[in-house]
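Protein chains in written order, with the working numbering: chain A, 1 to 151; chain B, 1001 to 1151; chain C, 2001 to 2151; chain D, 3001 to 3151; chain E, 4001 to 4151; chain F, 5001 to 5151.
Read the hints as simulated data drawn from the structure, not as lab findings.
C-beta atoms are modelled at their ideal positions from N, C-alpha and C, and glycine is treated no differently.
Incorrect hints may have been included.
Quick list of simulated restraints, FRET-style, between CB atoms [claimed, not checked]: (1) A:R17 x E:P4064: 55 to 65 angstroms; (2) B:V1025 x A:R17: 51 to 61 angstroms; (3) C:A2099 x A:D22: 17 to 27 angstroms; (4) E:I4029 x D:A3094: 54 to 64 angstroms; (5) D:T3018 x F:T5018: 52 to 62 angstroms.
Selected chain D positions facing chain F (in silico; Cβ < 8 angstroms) [what the hints assert, rightly or not]: (6) Q3079; (7) T3088; (8) D3098; (9) F3101; (10) A3102; (11) A3106.
Number of protein chains: 6
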Amino acid sequence: MATLGLVEYIDAPPEVRTVYDDIMVTRRIDRVNNFWKALANDPPTLRRTWESIKQIMAPGALDPLTKEMIYVAVSATNQCAYCIASHTAAARKAGMSDAMFAELMAVVGMANETNRLASGYQVELDSQFVVGQEKKRFLAKAPRSPRRKKG
Amino acid sequence: MATLGLVEYIDAPPEVRTVYDDIMVTRRIDRVNNFWKALANDPPTLRRTWESIKQIMAPGALDPLTKEMIYVAVSATNQCAYCIASHTAAARKAGMSDAMFAELMAVVGMANETNRLASGYQVELDSQFVVGQEKKRFLAKAPRSPRRKKG
Amino acid sequence: MATLGLVEYIDAPPEVRTVYDDIMVTRRIDRVNNFWKALANDPPTLRRTWESIKQIMAPGALDPLTKEMIYVAVSATNQCAYCIASHTAAARKAGMSDAMFAELMAVVGMANETNRLASGYQVELDSQFVVGQEKKRFLAKAPRSPRRKKG
Amino acid sequence: MATLGLVEYIDAPPEVRTVYDDIMVTRRIDRVNNFWKALANDPPTLRRTWESIKQIMAPGALDPLTKEMIYVAVSATNQCAYCIASHTAAARKAGMSDAMFAELMAVVGMANETNRLASGYQVELDSQFVVGQEKKRFLAKAPRSPRRKKG
Amino acid sequence: MATLGLVEYIDAPPEVRTVYDDIMVTRRIDRVNNFWKALANDPPTLRRTWESIKQIMAPGALDPLTKEMIYVAVSATNQCAYCIASHTAAARKAGMSDAMFAELMAVVGMANETNRLASGYQVELDSQFVVGQEKKRFLAKAPRSPRRKKG
Amino acid sequence: MATLGLVEYIDAPPEVRTVYDDIMVTRRIDRVNNFWKALANDPPTLRRTWESIKQIMAPGALDPLTKEMIYVAVSATNQCAYCIASHTAAARKAGMSDAMFAELMAVVGMANETNRLASGYQVELDSQFVVGQEKKRFLAKAPRSPRRKKG
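Build out the structure end to end from the sequences listed, making use of the hints.
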């Protein structure tokens, strides 16, 4: 059981039930996850977290499936077992196929590998990745790296 | 400069040039990033890493833009400055708009927050997220949590 | 069971018992946690770790409760299940109320979120946060950012 | 410069200025940090993040200084240079002395060490840290570990 | 059970059996770990990951035992329970004694501690650690720090 | 400059000079790194950290070079720029060749990748990795996975 226990619907005060109801209606489910039941011990955090999630995960420039897969990518990187399980389920519900999951994992694994290679080798930033003002300062100092001859 | 220095095209042995050429042709660019120039000090790692990246980032069940955004999500979670810069540039090149970047960051931030809330509150896994054999064992023990009355 | 097993008091050599005794007396408990029993397989590490913990967690400029809450904050960020459980228990024993725990978690969650927003957006350091010598170098280059008009 | 650049007050649309004004009034400062200027490229995220921070960092069961130190603890654990710099400055402003900072760092360092010792040694959870329902299941199986004889 | 389930040898398609056979022959074992059985749901990732592991973990400038201990060090730092368990077993099989394990853990713990002290104290890089071109730029600015008088 | 500044030898109180002297004699160097100069603002932490490092990094069941490479592995995993730079230098001084560095990085990268594949795929622990008491409980439930036919 969670540190402060789980607040079940039947025992929840009105302000918590209001959030639970909104979660269930928004997500078309008939009970809320343990995550929300644990946060419900602190109603302001429950409300704030749900309002943020609701705003962030809604369709926008990115579709909900892409957002759920990004959630899984972060959770796998952070090794959060609860979040991997719950967001993998959510991503599947949003349409993630086995093939999509497998490619997602391959990218997550590779990114975690090359993140360490880049840092471990102490690779300096390429001039073309330096943005704005920093770039001006950088370009004034860095010699052009040799380019491949064309043609 | 990187720990072992950067191997420029002009100084590279044939096996390294072959990889550089493949990177430039595959990505339609006219020079390779410092990341590859650093790895080129170890040609087998250069080749293996590039072959893996090439296979993983190719279009498949997920499109290249989604894959680049997942790469940015992991890199931001890991705080790898080089990787954030280079893959943000790659994602933009693959079509990521400012609005898509902003939503990506919002999801990454929120996932990092709720990963810690779930772990910090020691939330136990919901029975519906437990898969396969584990599930059978789990369900035999866990009492049903109360559902919301319908209708 | 832990990798090297747990060393119970009854089986412990004198040098380990001496540390166990000091832990129990200092913490006013009648048995030591599994963490110490696991480390006891390497008596020098057991002694060094306990001496460090004893020195660091003692009252000083910060009180023991604040220190235990900081321990929980780090453990939740790192997703260490054992450490979250044991230090949450220790923090409660030191006086952490449910309300304090909930606020602690809210800060930990938010910090993990904004850490990624700051890195993901590649936010450059404000001149007022640059300290000492670095500051002088920085200020010579950075233009003043516009301030809000007063009055 | 940040990925999407920084939105200065003079160039900000009204909805962004409203948030900037609230930040400056709440924090009694005369300009906002680059963090907020970077987020301002996405006004809903700017508003949501500020509203969350404002709610979370306000005095409650924990005082603002403790909260800022927890923020520094998380940021140091995550290696976020921007956040370490800005929240160390904020904690000092809230009253953190050099001695408090030094003790904070000592706890953060030690927690990061013992987190890995606990996980690396695969230490199993002590029965007294298992909470609620889990505890019942656990206690039914685990033999009592030997206690120190009293007296 | 793993997200996509485990592919047992008896149910595996030829391309998966070929990899399983190579793993068992190379490692002189008579069944593959669950890790491989989970990846087998995505044969290209199974093959690529195994080929990479096989190449990387083979004897070279570093011996296999050292490599397995490095694997454990990374896994403990990342808090990956599965990887800690499986690579600790592999390191033992490669010759890691209890004493070597204990020293490995001590180094991993200490490195995780000092990583945060270095970042938390915002320690600037010593001029002698700055390499190549960066060094020239750095040395032009940094005053020599006082040396201890010899003799 | 570091948060609390750097304590140079010439300005250091006797208790700090004693530690600096021991560092320089033990490591056969003629000045201490900035890391120690930053910690010197808190003499008890300086002393404790140095005594721990001195004990842990001394030759034992593992040789100093292996220990320094483990330090680099952890630092690269954690993305600590200062620590990567200083411990890469220390490892080189202890005898790490370019080829050894390259293999070290390859293992670190791969471990970071497979850590996330194992967690992301939610791979359950193999029965042979479960140790001691846990094993007995586990084996009572888990069906044997099919083995490859021999001969």
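Tested hints:
no.	hint	verdict
1	A:R17 x E:P4064: 55 to 65 angstroms	holds (58 angstroms)
2	B:V1025 x A:R17: 51 to 61 angstroms	holds (60 angstroms)
3	C:A2099 x A:D22: 17 to 27 angstroms	holds (24 angstroms)
4	E:I4029 x D:A3094: 54 to 64 angstroms	holds (57 angstroms)
5	D:T3018 x F:T5018: 52 to 62 angstroms	holds (57 angstroms)
6	Q3079	holds (5 angstroms)
7	T3088	holds (6 angstroms)
8	D3098	holds (6 angstroms)
9	F3101	holds (7 angstroms)
10	A3102	holds (4 angstroms)
11	A3106	holds (5 angstroms)
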